[in-house]
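Undergrad: Chains as they are written, first to last, in my numbering: chain A, 80 to 188; chain B, 306 to 415.
Don't take every hint at face value.
Claimed, not checked - Straight line, CA to CA, 25 angstroms or less: simulated DSS-like cross-link-like pairs of lysine-lysine:
(1) B:Lys317 <-> A:Lys121
(2) B:Lys361 <-> A:Lys84
(3) A:Lys136 <-> A:Lys94
(4) A:Lys94 <-> A:Lys137
(5) A:Lys150 <-> A:Lys136
To be verified - Here are the simulated distance ranges between beta carbons:
(6) B:Glu356 <-> A:Glu105: 18 to 26 angstroms
(7) B:Glu356 <-> A:His155: 19 to 27 angstroms
(8) B:Gly320 <-> A:His155: 30 to 38 angstroms
(9) B:Gly346 <-> A:Gly174: 35 to 43 angstroms
Derived by calculation from the structure, the hints in this document are not laboratory data. Here a beta-carbon is modelled for each residue, glycine too, at the ideal position from N, C-alpha and C.
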Amino acid sequence: QQQVKQSPQSLIVQKGGISIINCAYENTAFDYFPWYQQFPGKGPALLIAIRPDVSEKKEGRFTISFNKSAKQFSLHIMDSQPGDSATYFCAASGGQLTFGSGTQLTVLP
Amino acid sequence: AGVTQSPTHLIKTRGQQVTLSCSPISGHRSVSWYQQTPGQGLQFLFEYFSETQRNKGNFPGRFSGRQFSNSRSEMNVSTLELGDSALYLCASSLAEDTQYFGPGTRLTVL
C-alpha cells in the first residue's frame, strides 16, 4: 500500500523560530514531492515541491530537504510567523498524489 | 482565475444523491477529486483527463465522476451515507504533477 507518514501531528513554535515537519514514504516509484499549506475553510495551496534528483530546495523562508536513500523528506520554515499558522501536508506522486496525514502548525506571537 | 467549485456548502439526507461541480484553471485538462475528512485525511477519488477517467482511488461505486469537453468536471455520490460527510476538493493541473486546488464543497449528510 502506498503510504506517506507525516510527523508531528501538531507543532507549536515561537515567532522567529524554525518549524520542522517530517515525512517518510515507502514507494520508490514516487518521483515528485510537494508540500501544501491549508488554512481553515480553504483548499490546500501548493507551497514548494522537489524531485528526487535534488537534495534541497529553498524558496524564501521555506526549504525542502530530501534524503533519497532514507526515503524521507522534510519541510523547514525559517523565521516562522503567526501568519504561517496552518495545516501542512506533505505528498508524494508517482502519477497520483498520496498525502500525509497533516501537521497543524501554530506560531505564537 | 483559480479552480472554482460549487456549491460551497450542501446539506443532504441519507439515501439522497448529490452532484458537485468543478471548473479548472483555464488551459488545464486534468481534474482530480479528493475527499478530506478529519479521520481519513485527504484521499484521492479519481482523475479525469480529456474526458477520460485516468486514475481511480479506492472508493465504492457510489462515487462517480465525469469531465466535459471544456474540462469542467462533476462528481456524483449516490445513496449518501453519514460517512460521506466531508470536504470534497477538486484540483486541476497542466503538468502531470503540479495540482492546484479549489476551495472545496462542504457536504453534510444528516
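Undergrad: Now, for every hint given, state plainly whether the structure supports it.
TA: Evaluated hints:
1. B:Lys317 <-> A:Lys121: holds (21 angstroms)
2. B:Lys361 <-> A:Lys84: holds (21 angstroms)
3. A:Lys136 <-> A:Lys94: holds (23 angstroms)
4. A:Lys94 <-> A:Lys137: holds (20 angstroms)
5. A:Lys150 <-> A:Lys136: Holds, at roughly 16 angstroms.
6. B:Glu356 <-> A:Glu105: 18 to 26 angstroms: violated (33 angstroms)
7. B:Glu356 <-> A:His155: 19 to 27 angstroms: For Glu356 (chain B) and His155 (chain A) the Cβ distance comes to about 41 angstroms; the hint is violated.
8. B:Gly320 <-> A:His155: 30 to 38 angstroms: violated (48 angstroms)
9. B:Gly346 <-> A:Gly174: 35 to 43 angstroms: violated (19 angstroms)
Hints 6, 7, 8 and 9 from the earlier list are contradicted by this structure; the remaining hints agree with it.
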